[in-house]
Structures are given as C-alpha cells and as structure tokens.
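Protein chains: 2
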Amino acid sequence: MSDALTQRIKELEAELERLRSLLKEGRADDTEVMSSSSPQENSDCKPADGDTSTSRKERKKSGKQRPFDFAAHPRRHVALRLAYLGWAYQGFAVQDNTDNTVEARLFEALLKTRLIQDRQSSNYHRCGRTDKGVSAFSQVITIDLRSTQFGGGLGVIVPANVDVDIKSKSSASEVPYVKMLNRVLPQDICILDWAPVAEGFSARFDCQSRTYRYYFPRGSLDVELMADAAKRYEGTHDFRNLCKMDVGNGVLQFERTILSAAVKPVHPQPTSSTDQYDLYMFEIKGLAFLYHQVRCMMAVLLLIGQKLEAPEIINHLVDVANNPRKPQYSMAVDYPLVLHDCHFGDLSWQRDAEEVKHVLSSLQQHWTQSAIRAQVLQGMVQDLEKKGGVSSSHCCLVEGTKQRNYRPLLERPCCESLESRINHFVKRGRLEREEGENGGEVIHRGKKSKHCHISSSLPEAPGTPKQCTDHKVND
Amino acid sequence: MSDALTQRIKELEAELERLRSLLKEGRADDTEVMSSSSPQENSDCKPADGDTSTSRKERKKSGKQRPFDFAAHPRRHVALRLAYLGWAYQGFAVQDNTDNTVEARLFEALLKTRLIQDRQSSNYHRCGRTDKGVSAFSQVITIDLRSTQFGGGLGVIVPANVDVDIKSKSSASEVPYVKMLNRVLPQDICILDWAPVAEGFSARFDCQSRTYRYYFPRGSLDVELMADAAKRYEGTHDFRNLCKMDVGNGVLQFERTILSAAVKPVHPQPTSSTDQYDLYMFEIKGLAFLYHQVRCMMAVLLLIGQKLEAPEIINHLVDVANNPRKPQYSMAVDYPLVLHDCHFGDLSWQRDAEEVKHVLSSLQQHWTQSAIRAQVLQGMVQDLEKKGGVSSSHCCLVEGTKQRNYRPLLERPCCESLESRINHFVKRGRLEREEGENGGEVIHRGKKSKHCHISSSLPEAPGTPKQCTDHKVND
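These protein sequences, in sequence, are chains A and B. So for the first sequence, our numbering puts the first residue at 1; every next one is plus one. So for the second sequence, our numbering puts the first residue at 1; every next one is plus one.
Okay, chain A solo, but in the shape it has when bound (with noise of 0.2 Å):
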C-alpha cells in the first residue's frame, strides 16, 4: 500500500515540475495544458520512472484527483451567456433527488476542462432558476474561470507568488471559454459568449431585468382580447394571486414590476390572418419574478383567450385588498416558456464568429427536425378540417382536464391566504414574528428555517423585497 502511495507522490510531483517549466518557458498553450494527463503525448515530457500505463489509468479514473495546479494560475471573474433547451431537463438548478439539470451538465463541463477547482469555490452567482421544462436563450452566470492573464486584466485575480518573466511574457489572448465547454456540453446546452466583468459583479444581484417569453398558436383564442389584457399586467403590482407562493422559503413580498407585456404574433402579419396555426408570444420583461408567475399570468390570458374571463379579471386579480386569497387554477404548461434575456449593464460580451456559427448551425438542425414534424403533423390536421373534421377549442396549453362547465375564476374556491401560510411556518418555528419599531410586524427566520437569513416586515413596504437568497424568483 505505502509503495502505491510513494508511486503516487512522485507522479504527482513530476508533473507539477513538468507544467512549472512549461509556464516558465511562456507557453501556456491550452492545448498542452489539457493534455497533461497523457504526458506520453508530449514529447518534451518524460514520465517519472516507474510511471506504468496502469498509473496513468489510475490518474484518469481518479477524476478530479488529477494534478492541475490552479494556484498557479490567474483566476478571473466573468459572465457566461448560456442557451439550453429544458425539454429534456429537471430545470435548471442542481437538485437533491435528480443529476439530470442543466446546472449539473454545466459543472460537469467546468470540471472536465478545468477551468474551476470545483463549485464552491468558483465564486458561482446564477441569475435566475428556471423550472423543469423550461428553455433559455438567455441564461447569465458569474463565475471565476481559470486564465492566461498573467498581465491582469478586468476581474483577473494574479497568483500572488509569479515571476515576473511569466507576467512579462503573459499570452495576448484569453483562454478560449466558450469553445472549450461547448465542445463538452451536451448537444442542447450552449454557451453563447462570455464578458470580462469586476470582481464584485453578481448575475444575480446586477441583473436588471428578465424576459420571458411564452409561444401558443392563435388556435380559436381571441389574441386582440389578451393583447388588450396582457397589458394591464405592467407596472408595480402585488401578484400574490398570479403566482405559487413560497412562504416556506421566506417569500413574504409579492410586489414585483412589470416593465412590458404584450401578445403579438411570432412574424409580422402582412394581412389580418385569421389562421388557428399562427404563433403568437406573450412577452414579459420585469425586474424580478415569482415562483411560476409567468405560467400563471399565462393561464389567466388563455382564459381571457377563450373568453371564459374578461380582461378586467387582471385588475382583480392584482387588488389584493379586495381578493386577498388567490382563486384555484392551473398554470400554463411548461415547454413553451422561455427565458429569453436577462438584461445586464454595459458588459463586453466577447464573441467568437466560429462558435456562434456553430452554435447556429446545431440550432438549426434542431430547429429543421421540429418544424418539419411540425409541418408533417399539421398537413394531417388541415386534411382531416377539408374532410370535415370539426377543430377542438379546447386549449391544451393549461395543466389538468379541461371542466364541462366553466366556474368563474372569482367565483372558485380559494388557496390558502398569505396570512394563513406565514401562521403555518410560524408554528412550525420555521419563521418567527417580533414586533418592529413602528409597531409593526417583523418576520423572519426561525430556529428551524432551512435557508434564510433575511427578514421582511409585512404586508406593505413596497419598494425592492428583500428576499433569502434561496428563493426560487423566477419560472
């Protein structure tokens, strides 16, 4: 066992030597770097003495046991843009129960191409979460990436003990982030490009607003109706009845703004088109969102659609004195919810004409296979109308089964009042209340919250929430 272990150390100290005078001699090829675990590659490299190919096995399957020395190395703060089809995925964040999230392929990623030690140390700031089923096109992370800045540079952190040789001759161009991952990243995650941004940059904190979009075809939906509503939806409102409250993780404020919400059609009509297969979006741009707000704002709007609600059931629904408590309904589905940006200030998004080809190029074949289906299946459906097939209003775009008789949303039983819920959590000891300064109530963490840390007075204060940082704010 101890001659294992000798064996061990000195292929380990081999090859720290080895990469020592690589970067002395100034050639921090990436290349040569990523292959260092098959030195034999390398014809300036020598394996230690007794390096059998048995111990470049074990190196291999040891993983992250590899020996890469990233304290030797400049690390740098950066944006990552990222677009990922969430069909196929649990969502977007790491899960307790499931390895099968986009988070979890992009981690993989950053630890095969080492361009992070590991996640809890990488400085990691996600802008947003987005559920099972839903897609991105603009998905933004900060993180602290491994570099060839020796010189320094906006968000480069120099290791401290570096000769002055190396920083003189530090390579011009930065390590190639985005070709690197997407050569690993599975085929419907994708980075898009990457900014330089300051070391105290946050995806998260720094965003200043999110679009969502959600795609639905015209079908026998009254469009003109739900442009007219989607726009009651902009500006600050309390949307505790259009969204699914997570009190449990201190979601006690449910202001949010709405800085735009449109439906229009998906292509500039040239004619007034009539036609049920027209594509048409709803598009929303906030600041923050709640837990599932855009699936239920969507669901309303289909209501509204089908002329099952009026438009005006939108500013019923957002005056929450008079309807406190949320009316029971089903959110829109998930697959044609789409994060489409997140908006940031002046970043430098450095893009490479070669990988967004790429990228381009996999998207479009993607995009070929769905629209011929598509197509395949639409021909069939226009056939079977000519032959005198009657087309079904039922909107399939709303979880559940659709009800024989339609009960007005005001006139439904209700959820569970916030009051209610913050009781339920108060019993629990998963959140306290303490009486504030000016008389009054102050909630916060209890002895037995999972998560947070911040606290929040109740009902008003409007303004920014303050929120634990855990919170799901977005679809």
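Treat the hints as calculated values from the structure; they're not laboratory data. Be aware that a few hints might be false.
You can't tell identical chains apart in this list, so a pair holds if it fits in one copy or across any two.
[Stated by the list, open to error] Here are the simulated SDA-like pairs of lysine to any residue, each with C-alpha atoms no more than 20 Å apart in a straight line:
(1) Lys387 / Asn438
(2) Lys357 / Lys387
(3) Lys264 / Val223
(4) Lys427 / Asp131
(5) Lys244 / Glu419
(6) Lys387 / His267
(7) Lys387 / Leu259
(8) Lys264 / Tyr277
(9) Lys264 / Met180
Got chain A; can you put chain B on it based on the hints?
Leaving out everything else, chain B in the frame of chain A:
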C-alpha cells in the same frame, strides 16, 4: 391437472351458452360481447360452479384463448384507412427482429377487440409498406372483420348455420370498427375510417395510385430550380438509378409511372417570400414505387437545390441506356416523408364525425407541442442571426456527413449494375435464368429463393410489372 381442465371446459361451455342466449334475444350489443371476459359484471350471467377469481385471471392471461365463437358471427371484408406517425417505429410491416412496428400494434388491437380471430385467417392485405421513420396519412389495408350484419351486405359472409330468427332481428348498425380500434391503439396510430368492400377487393392490388409528400424548409435552397427539376420525374421511366435495388426479393424491372411530381410551398405564399423558414413539399403521385425511390429522388432534388447539380441530371439518371449503373449517393432522411394518400376506385368511406373529432383533437395536441418547440428554436436561431451569426448552408436532410469538395454524380463511383446483381443471385440459386419463347431471357425464382413465385422477363417489357408479392414496393 385434469381438474383444471375440466374446470376450463365448464367455463367455456357456460360462456358459449351465455352468448347464444344473448344472440337469440337479439341483443347483439357489442359492449356486452366485449365484456364477456368478466361474466360477473353482467347480472344475466352466473359463473360456472367453482369459477373462482383465479380462473378468471387465467382466462384473462391466456389472451387469445378466451372463449369467443367467431364461427357464429358474420364476417365482412372491409378496407381500413390508417394514419400514423412513423417516428417511433421500425416501419409499418411486421419484422422478425423487432416487435416495434405499426402492424404489430395494429394486430394487437384487432385481436384485443376480437375483430379477428388471428392474422393468418384474416385475409389481410396492405396497400404498401412504409419504412422506419416514415409516416402515413392514408395507409389502407383490407381485412375480414367480425360483423353484426346477419342480414348480409357488401362483403359480408353470413355463417351457414344461423337461425332464421336472428337473421330477421339483425342489428341495423355495423360494429363500430373505428371507435373500437382507436380506443386500444397507441396515441400515434389511428384509424380514420372504414369502407365495406367486395370480397375479392385487395388494398394491394386494387390500389390505383399512391401519393407521397416530403417536407423540407427552404433554407438556402433554390426552390424554383427544384420545381423545374421535379417535373422531369413525371412520366414512365426506368428508375433503377433512383432507388435501392431489391433484386434478391425478385424486383427485376424498374420502370415505373409517375403521374405528377411537384415542389411547392406548403402554404400559398402571399408575396414572393425568400424566408429560409418557409416550408416546402415535394409531392409525388405514382402507380407504384420502388424501394426507397422517393427518398432517392428527393436526395437528387436537394443536390439540385444546392446548385451542386443541374436539373438535367435527372434526365441523365433515368437514361439507363447511357447510365446503366447508379452513382453512389445517400438518400434523404426518413422523418419528413409521409405516405399521404392511397387512391382507390369508388369506395364508400364510413366516417364517424365524433371519431374524426377525437382523432383531430389528438393530432392537434401533437401539432401544438411540435410547433411550439419549433418556434422556441426558431426564436433562438433568428436572434443569433440578428447578432451577426452566419447561417449554415449545410443541408441536414441527407444522410451522412457533408463532403468538403463536392463530387458531381456522374463522376462518382457506381453501384453494381442490375445484371451483376442478377448473376449474384443466380449463382446462389435464388434466381434462375431460362430461355423464353421469343428468345429473350426469363428470370424467375430459383430453388433456393425465399419468397419469389412469379417470373419476369428482362430487360425490356414496359407495362405492368410482374413482381413477387413480397417485394417492398414503397418507401
């Protein structure tokens, strides 16, 4: 053991008795007939002595051995029209090495609903075979199904020993074939309608013509050139260079008649659009097709659309005197191909409006999912292009990877000639040559042939091809 057998006999007898009394009372209600497997649910029926729940389970498990007296029922020769999405299946026809075929699902449904006793005795013919991944909107089969028409009718065979009373009380309406089958078929296979047909009518031999559609996006293709090219397929030609020759199965003659061939937009274009996302179709109608013929024809059209070949190449390819051997090229991929229609003479298709609505609703839901997914992708592609991404001109509808340097078809290596293939099978005894009456050669089934039992002369003789009944006529 003999106790169990005796028990079984008692159960069978009791069941026969029950059904006979039902018939006598004129209650040929299919619901009751179908629920005869659970006699206790029918209050008229008392299980035989000792009929325990175990024996009922045994009866259920034994599947086809459930007692049902087919001989006591009329049978009727019918045509069934099917639609199916071929993407999840290994083709239409039953295969030795897989259960995952459309036909396998169809026969499971026919047996489960007890519309047939078994495949072998069902007098089954199919209009054509579609390959793995290929869909159909109008696949027609003919088959003998159980009937209620004791009074006779088109294609009805009434059992000889039927009671005069029953005949006079025979039910007015036929077994609801379409509804019954659709309830047990999987989501992506459905019966559209049925038609009574004369006893000798065959889906295969009485089919007058077949129409295929191949859908594709415009991309960067020159669709006008393709439209010009497609017309050149019309007429009667030797298509050996535009199919996969199936000599081993007795396909020895490659002349086929194409009634019409066109490339056109799926939706009539209001203005002269050049949108790369516009969908087009190659629609082709012919008497009969060779194996993979449409996909080979499409592959050549795609080369023409990419301006890699001129439309005249088609004239060269059907000129087998000057081009007796097929150049090597890959056929187009499978998923965009649909057997759109099988044309018969005057058939009286029986359509159930409720059923059509049901099928339509199901297809619309499918379409909604596909179309929205396509739109999510299209939204991403369009935004990337706006940001300067360059669209790939690679056509992903052809199998295999794109070659860097295009090699014109007529300069490529060729496949084996027809004569060479015949020699190959003659050597193996699967085909035999003989001298025909007029001095020409006659090729027919050899001693070691698997299927063939019809001969064909070579190489001339245009007109109706004599083919082995088992050859794959369609794509």
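We went through each hint and held it up to the structure:
Taking the closest pair of Cα atoms, Lys387 and Asn438 never come within 20 Å of each other, the shortest separation being 72 Å inside a single copy and 52 Å across copies. When the C-alpha separation of Lys357 and Lys387 is checked against a cutoff of 20 Å, the pair qualifies only between copies, where the shortest distance is 11 Å, while the shortest distance within a copy is 44 Å. Taking identical chains as interchangeable, the C-alpha atoms of Lys264 and Val223 lie at most 20 Å apart only when both belong to the same chain, with a minimum of 8 Å there against 30 Å between chains. Taking CA atoms no more than 20 Å apart as the test, Lys427 paired with Asp131 passes in neither setting, with 29 Å inside one copy and 64 Å between copies.
Proximity of Lys244 and Glu419 under a CA criterion of 20 Å is satisfied intra-copy only: 15 Å inside one chain copy versus 72 Å between copies. For the homomeric pair Lys387 and His267, the shortest alpha-carbon distance between copies (18 Å) is at most 20 Å, but the shortest distance inside one copy (29 Å) is not. Taking CA atoms no more than 20 Å apart as the test, Lys387 paired with Leu259 passes in neither setting, with 46 Å inside one copy and 24 Å between copies. For the homomeric pair Lys264 and Tyr277, the shortest alpha-carbon distances inside one copy (14 Å) and between copies (19 Å) are both at most 20 Å.
In this assembly of identical chains, Lys264 and Met180 lie within 20 Å of each other by CA distance neither inside one copy nor across copies; the values are 38 Å within and 42 Å between.
Checked against the numbered hints above, the structure violates hints 1, 4, 7 and 9; every other hint is satisfied.
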